[in-house]
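As given, the protein sequences belong to chains A and B, one line each in that order. With my numbering applied, the first sequence covers 1 to 211. With my numbering applied, the second sequence covers 1 to 180.
Here are a few chain B residues that face chain A, going by a calculated C-beta distance under 8 angstroms: (1) V26; (2) D136; (3) R164.
Keep in mind that the hints were calculated from the coordinates and are not lab data. The beta carbon of each residue, even a glycine, is placed where N, CA and C say it ideally should be.
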Amino acid sequence: MSDDRFEQFLRREARGYHEPPAVPREEMWRAIADERRAGRRPTRRPTWIYWGAGIAAALVIGVGIGRYSAPGEDTVTLAAAGPAETARTSATQVAFRLTAAQHLARVEVFLIGFRTDTRSGAPGAGTAPDARSLLATTRVLIDSPAAEDVMLRQLLEDIELVLSQIASYAGGSDSTELDFIDESLDQRSVLFRLRTATDAGPAGTMTQGVL
Amino acid sequence: MDDRELIARVRDGDPGAERLLYDQHVDRVYRLAYRMTGDDDLARDCTQETFIRAFERLDQFRGEAALGTWIQAIAGTVVLNGLRKVKRFRTREVELDESLAHGGSPRAPEPDLKEQLERAIDDLPDKYRMVFVMHDVEGYTHEEIGSALGMPVGTSKAQLFRARARLRDALSEFAEEWAS
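For reference, chain A alone in the conformation it holds in the complex (with noise of 0.2 angstroms):
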């Protein structure tokens, strides 16, 4: 039989695949007016976007400066063996792994509501600017001294990943795009080595690193 005889027949048999009941419109509109009055509202960037791109400004002049005041490398052979440019030397790995840290527990936060989003529907419109926002942070701090714990640096490449995913990603509609922004959060296990790195908190970071 041709393709244009199947998909008559097709066509013909198909409409009364799950034919839908007239539609409930009073009843539905009803629980939606609940629904809006119980207290869903427009969700709002949340603030700490806004100091993660203040973090990112901070990072990138902070980085910019380290490295064109950087001194020379006789001049680093001399100084590194003082006890003045050691201490310098460990405060700046300390300052850029407290903001690590506090990176990332802002991704984990934002990771974690992007899935339930994703699972409970679409991610909302302003998901992909704060995934830049995010990935702009993480960038800066890939080549900063604190990837210089190669755990870390891992993880932050993993992030990485994930987020330029989700930047990337055009918005409610291919689910599709979803699925491998799921498959590379489950892969990585970044959730999971988010939270082992988040739950060591400031102080484990300051003394062991931040994983």
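Once you have looked at the hints, place chain B on chain A.
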């Protein structure tokens, strides 16, 4: 009232405009949700969730597509996500039933063509089924499907082609019946 004016009034908190927006689009959303879920409660849940999200996110609607397409896109995501949850639940339910049955049930009669067609459509992967239902059952164009599901028109056509091919395979034993 055109979409732009309607949206502006909804954003200003006009309850009449909210209701008008709902009335204009609810039938299409509910019909698609019902076709995909085959269940009134689920279809209602999906429809309600779609409009709650639409009202919540109307500020983010930039007008790049028609309002109906945008709402349909939300509906598509809500329905597919809802189906995933239900499928997980039903899989557990079936496993439990099977463990209780111990093979004592009598053999079901052979299904007729109509039943077989329904089963074959049910068995399609959800994304193919969505495209098939939208195009062949509800009469959407490929352009509408592409916009609503966030895929190129070519992908919509390809998925419809694959869906039909699978249905044809599934119904091969009834070839004489459908040919008549």
